[in-house]
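Need the complex rebuilt from these two chains, each delivered in its own frame; the hints are there to steer you.
In order, the protein sequences belong to chains A and B. Using this note's numbering, the first residue of the first sequence is number 1, and each one after it goes up by one. Using this note's numbering, the first residue of the second sequence is number 1001, and each one after it goes up by one.
Don't take each hint at face value.
Stated by the list, open to error - A partial selection of chain A residues facing chain B, derived with a Cβ cut-off under 10 Å:
| hint | residue |
| --- | --- |
| 1 | L274 |
| 2 | R285 |
| 3 | V289 |
| 4 | V311 |
Stated by the list, open to error - Label-pair ranges, simulated between beta-carbon atoms:
| hint | chain 1 | residue 1 | chain 2 | residue 2 | range |
| --- | --- | --- | --- | --- | --- |
| 5 | B | D1009 | A | G131 | 44 to 54 Å |
| 6 | B | K1366 | A | D6 | 42 to 52 Å |
| 7 | B | R1084 | A | R258 | 43 to 53 Å |
| 8 | B | R1039 | A | E256 | 58 to 68 Å |
| 9 | A | E256 | B | W1346 | 47 to 57 Å |
| 10 | B | R1084 | A | G131 | 33 to 43 Å |
| 11 | B | E1333 | A | A210 | 56 to 66 Å |
| 12 | A | G131 | B | A1274 | 16 to 26 Å |
Worth flagging that the hints you see were computed from the coordinates, not collected in a lab. These figures come from a predicted structure and were not determined experimentally. Glycine included, every Cβ here is placed at the ideal spot set by N, Cα and C.
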Amino acid sequence: MNFELDMAQCLLRDNLDNFLARQYRFEARRQIVLGEPGWQPTLWRRFADELGLLGAGLPEQAGGSGGGAIEHMLVMEAFGKALVVEPYLECCVLAAGVLARSPGDAATALLARIAEGSAIVVPAWSEPVGGVATQARRTPDGWQLDGRKAVAVAAPWATHLIVSAQVEGTTGTSLFVVPRQAQGLALQSYPTIDGRRAADLECAGLALTAEALLGTAGASQALLEQMLDEGAAAVCAEALGVMARLHADTLAYVCERRQFGQAIAGFQVIQHRLVAMHLKIELARAATVFASLSLSKTARERALAVSTAKVTVAEACRFVAQNAVQLHGGMGMTDELPLGSYFKRATAIEREFGDVDHHLRRHARLERVAA
Amino acid sequence: MSDEVFTRDLCSWLDANLPASLCTAMPEDEIPWGGSRGRFPNPDTRRWMDAMAARGWTAPTWPRMYGGGGLDATRAAILQQELRRRGARPALFSFGLWMLGPVLLEYGSEAQKQRFLPPIVRGEARWCQGYSEPDAGSDLASLRTKAVDAGDHWRVDGRKIWTSYADEADWIFCLVRTDTGRKHGGISFLLIDMKSPGISTRPIRLISGSSPFCETFFDDVAVPKEHLVGPLNGGWEIARKLLQYERQNVAAAGFGGELKRIEARARQLFGIDAQGRIADAALRERIAHADMYEYATRLTMQRAQREVDAGQASSASSVVKYAAAHANQQHYELMIETLGYEGLGWQGAPYETESLEQTRKWLRSKGNSIEGGTSEINLNVIARRVLGLPGGA
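Next comes chain B alone, as it looks inside the complex (with noise of 0.2 Å):
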């Protein structure tokens, strides 16, 4: 089959699949996480998520073997056109297919392919991050929560932060200490069951309002052998290659989009002049300087996948990761100018739902910075691993 004949296939199929209501901005209420608890208060939301998992489509470039589509990067790269030319929210967010898939793909056992892709693929399984402690954190190979050797299972004690949805997942991928004696060299990688006795949760708040973030507590966790990724106390070069995925593709979803949305807006607001252009001259012109930056952070982005697609760990993720954080403050900033005081408003009548949805999402968005990496941290990164610059800054 040409490419030609599968674009018109996929063109004709999301005629046919693609739900309308599907087509608009994405509520937070809305956002297709699936899992065991997930919620789908939009009918056409599960069934966007169940049509294009069949298809193998929430994870177009993996195996077929492991329910994933199966497509190369050109292909990958023409559904993903064709579904932001018709503005289609994505079917399933999750850190199983961005992050813990393609680790799997590369470190985990063929068992461990087995039993944790499909889940992921299809959206019945829904992962978080163990990651972060209260003391590692730009740090992170500071960790200290430990994995004891228990004879026929690992023993986990500690506590994680910043662990999104921890309160919502059904697993979590997590950091261990299996080795005091060294830093990088003592962590290992585990995948452990949040329904396991002796993990609890605790919501923190953000400047935005309420959070997926959470504090996870480990006390005495028993943990099957066989949930260990990659080699013990070889945890440290998987984690490093899921942040590269993490940066990218968080850096990915839900990027762009808004920038049309604050045209509406602009258009509005300030209304059109003789040529049916934003009257507010100034602000036309930064909306097409954002416009601008935002495509060409979306270049590099393309750029940095077809390494990913052919084998090669993109040190350009982390130069996506900076550029999209960057990026999305900038939309943010805008956005709030734009609105004037209607952007400045928390809860209330006189404010506009969106308006204040805007506001948080506006706040929200000064973690980007932050989260996965701060900016800080992905400039040093760049500096010893691209420049080869001198490290111990």
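This is chain A alone, in the form it adopts within the complex (with noise of 0.2 Å):
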């Protein structure tokens, strides 16, 4: 395994890290999540345009700079590192992985317009009752399309959205681009406890073209199954950054805060609460790592390392952010501290692309330890 990066890639993590130091400072973040409409679009185009990030991981001829999975993994990091809220994630990663695996040139010119930043493009996959009931059927002019989708993440900020449905006859799942602005699409929009926007959709009567449709109807369970886990694993990699920041913040704290005459650094139960959170980011360091570079193996070694790492970073998670609060006393509570927000991002962060119980299942189906 190669942990080494190289020039470009250590060139694109610091150039994003100062860029988000200077342009991203959490206060100014704090008001953007609470004002309308919760996100920045201006510097969404400044991604596009003076840091070429969101083609950093898309083929080059759909614009991007030809990187992948370490790519996405150094931008969501240092996206958790600055608690930025504008959709690399559900964008770049999500539905370009998608588009950039889906023949037809309206893939491509989408997969184009994501590069460039004029397009917006969310993934809805999830039902308020899991599986997919949302219906598609066949029409004159194309598809219509009814049914409902869950917590869609980003979808208010959305130029398109990519919907999974059952088409009629059919027993997989197949997925349809449809833009915001169709008939027959309402948006209910809420803010998220980590301070971002998600969506519930309705979709009646939705009319879609017949390019609408991704690929060939039924055949993209798969696609979807491969979207997730890269999902999985970019926020694995968000993760890093945002217990990166727990701890530091914890660790100056506790050097700064003085109690019986002294930093309370000083007491060993506090030192070793420190290290072991430390230790976790180490193990969900090295989990993640592997779990990025392991998306383009087959979907059984995917999915393995993929679930070790969310497992593995999902208790990073709850332990790192938790203690964090914990060793900041009655401030851990307050709302005055960033620590608030990345506690909560870190725990968002442990539910999103299957819990722990979700991937100790999957593994077990697996079983490394039987092959």
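Right under this line is the structure:
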């Protein structure tokens, strides 16, 4: 396994870290998140124009730089550190991943618009009761979708959505590109606990053209699963940034907070807690890098590596975030420090793309140890 | 030669040289310790050790001039990976390989390297470690075994404890006090022939039964001057560096593989369900969990190893030592729970030999978080050196 980054990757990471340190200060972020529209479309264009960020992990024929999982990992970790809410994960990792593997000029054209920052494409795959109950019917002009989607993160900011549905007469999943302004699509938007925006979608007689279908009807289940694994790996990387900040803030706090006539950092019980947090982060990092490197392997290897990372990271998130609050004492309970926002994002990541139980079950099903 | 060609050659060499009897669980008495008193109840063990040593692959990354394999980090990793894939037992277990060799490469004189390294690679010289003393455990630098300058040699007096395999070893690397005026700055690193007159050993029994641990006594032992490694009173730095290797390599040695056994045992005891999985869902998920922790620990080990190969003594070694001890203990807990009452046998016909062995190993694994620096001391080390927290506690 190769842990070394190449020059371009180091440059991408350093440029982004510098940019975010200047342009994405926590107080400004707080105001943006509380206001409308809850994100910074102008900053998104700067990601594309100044940093070439939006195409960093996209193929060259779509205007990207030909990178992949490692670039996504670097961006997501930096976004985690700065607690960026802009939808890189949803648009550039998830939707772009699906589009890049879908045949047809329409998919490639949309991908190019993602790279240049003019289209925000966001997937909507989950439903209120699991499974895919949303139905797609063929019509003389194309398709008609009916059904509901739940908690589509970043959907309120999207120009396009990628909606999963079941085509009548097929058993597998199908994916459709839905323009945000399409007739028959209604969004109910709300803020999430971690400062993002999400929406529940209602598709009622939603009419689409024939080209809206990605790939072949009923044949997109594997694509969707790959997307979810890529999403899981991406939030694992984001968590590394979130946890690094939680740990650094906590370390600084215990060095400055004085009780019993000394900095509480001098107490062994505090030190061991901080080290235990550090240990969890180290294991999470190793597992995350491996998961990112495994995304292009077979579905089974990919699933084992991603489940291992997701469980390792989720447990680290819980331990690190909750102990960060604990070691900050009463200050940890206030909303006056960045800490609380990082804590909430860490908690959300713990659940996203499958929680611990989900990935334990999947891993147990695949049973690496038996192989 | 490309890495692909290396891998292909390696695979065909392994096909020809790796005995099938060594791709099984390793019973205690077949551990290939080597040394002048080495025992090889299974002759394949000896052949495998010699074959690997001839290629320098018992010490894959050491320079060829000292008998090592001269492999870079990538190829060393390929070698490990191929060996693991085949379930091959290690060719040689050796404190010389894991601990002494790396510090000799860094601090030893040319004469010391030429004399001491090749016999380690070949498994001819077996080394033990003289660090702890009855009154110097976690506070190792308070050690009192002293070496006094007697003109053309050193005279060593004192007592070491937890000297694993002292009664089997040919040599001992020892921390000795050469200046009573300074604590850390009065310690030297000395190599001592275990055949020297005045050395005696006493075995120590553990909760797991008989053990390799000994107490070792030095009574006016003469040691040649040229067996001092590094500068006089400069032993503490070497000692600490060696501890990093010890933590890392003791952690890595024999790490992993247990889960396959637990899994097989669970299938046997609990049966399998319609999908071919272990029928007990709770146990199945706990095994999956342990597997994930082991995997993440292994990946962290590899990262630490890369840092070491790149010439940085890795601060991750304490992280790895801590995590590996935890993983190993967790595995044996899981194994013993899986075995139920069968896991609490001590001796006697009603118990299967393998179960009895697992019970002993479970008891023995309690020492994983004590030896080579207790887990608590490791946490202190990480707090100071990695996180930069204040010392003194």
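Verification of the supplied hints:
no., hint, result
1, L274, "holds, 6 Å"
2, R285, "holds, 8 Å"
3, V289, "holds, 7 Å"
4, V311, "holds, 5 Å"
5, B:D1009 x A:G131: 44 to 54 Å, "holds, 51 Å"
6, B:K1366 x A:D6: 42 to 52 Å, "holds, 45 Å"
7, B:R1084 x A:R258: 43 to 53 Å, "holds, 50 Å"
8, B:R1039 x A:E256: 58 to 68 Å, "holds, 59 Å"
9, A:E256 x B:W1346: 47 to 57 Å, "holds, 54 Å"
10, B:R1084 x A:G131: 33 to 43 Å, "holds, 40 Å"
11, B:E1333 x A:A210: 56 to 66 Å, "holds, 59 Å"
12, A:G131 x B:A1274: 16 to 26 Å, "holds, 22 Å"
Hint violations for this structure: none, all hints satisfied.
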